[in-house]
Amino acid sequence: MPTIATEVLVLFSAILACLIVVRPEITVTRAGKILAFGVLFFLPIFSLAVGMQNEMTRSESTSFCLSCHIMESYGKSLHIDDPSYLAAAHFQNHRVPADEACYTCHSDYAMFGTIKAKLGGLRHLYVYYLGKPPLPQDIKLYKPFNNQVCLHCHLGARSFEEGVVHNADPGTLPAIKANKLSCISSGCHEIVHNVGHWGDVKFWYQKN
Amino acid sequence: MNRRLRISGVLVIIGLVVEAICLLWSRPIAFVVLVVFGGALIGTGVLIFLHSLASVAPDSAHSSPVAPGNRQ
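Protein sequence lines correspond, in order, to chains A and B.
First residue of the first sequence? That's 721 in the numbering used here, and the numbers climb one at a time after it.
First residue of the second sequence? That's 22 in the numbering used here, and the numbers climb one at a time after it.
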């Protein structure tokens, strides 16, 4: 449900609840009892559920991730004008949805991938507000990047399956698919965000 | 009963207002505020309402019996 519709639902629920607070005697009648049940039980729980769902959806957006100060340089890295920068190339060419760029590459596509991503987000929030956040260039992945995230889109694609380097050795492609040879850290696509090591790069921004 | 309804209503209203603010506040902390404060306020309000229903029903059943012809 869009945010504006959720806002209307929440405010409508609050206004009805005000009615019960101001005139509780209306609950004497059967219709009043039904109204009270709807206003003080069903609507608040429904509004909360819809609001939480709204926040969960919003938390998948690129702007949400980049709203933390510490992530600013990672957001900037998406605009580097150099195709060897993996994140920038994917973002600028819409190989990932531009409005869900972070979430697309940094959430696991397995059964509980979304839940793991949300729990990870809560941990980041704790560190950001109550802990000692690292410098942007010192942020590391919890574990090596899983090839399955890349293969979610690239598996079966001609450029991947018939790529010269991927087929130079007969063992390369099976090793990539089995997650034994990392796409990122094996030296092939190792330039991802490279925050703190940009040097003299140029930036590209989409013209509106 | 009325007092509990009022308390329940006020908690629900405050919780809903917190939720409304969080929905407009596009920051990661908004989700935590929504769940922790908004959820707690709404949850407490709903529980007080349910408690008021559960605690009043037996009393009214015993203290004010309604004649079969006068049921509303």
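Just so you know, these hints were derived from the structure itself, not from any lab.
Errors might be hidden in some of the hints.
Away from chain B, derived, C-beta distances all over 12 Å, residues of chain A [claimed, not checked]:
1) V728
2) L739
3) E745
4) G771
5) E775
6) R778
7) S783
8) S787
9) C788
10) G907
11) E910
Quick look at which bits of chain A chain B covers, simulated, 3 or more residues with Cβ under 8 Å [claimed, not checked]:
12) 752-761
13) 867-877
14) 920-928
Think of the CB as a built atom: it goes at the ideal place given N, C-alpha and C, for glycine as much as any other residue.
Taking the hints in turn, this is what the structure says about them:
{"no.": "1", "hint": "V728", "in the structure": "10 Å, violated"}
{"no.": "2", "hint": "L739", "in the structure": "9 Å, violated"}
{"no.": "3", "hint": "E745", "in the structure": "7 Å, violated"}
{"no.": "4", "hint": "G771", "in the structure": "5 Å, violated"}
{"no.": "5", "hint": "E775", "in the structure": "4 Å, violated"}
{"no.": "6", "hint": "R778", "in the structure": "7 Å, violated"}
{"no.": "7", "hint": "S783", "in the structure": "7 Å, violated"}
{"no.": "8", "hint": "S787", "in the structure": "6 Å, violated"}
{"no.": "9", "hint": "C788", "in the structure": "6 Å, violated"}
{"no.": "10", "hint": "G907", "in the structure": "34 Å, holds"}
{"no.": "11", "hint": "E910", "in the structure": "29 Å, holds"}
{"no.": "12", "hint": "752-761", "in the structure": "holds (count 4)"}
{"no.": "13", "hint": "867-877", "in the structure": "violated (count 0)"}
{"no.": "14", "hint": "920-928", "in the structure": "violated (count 0)"}
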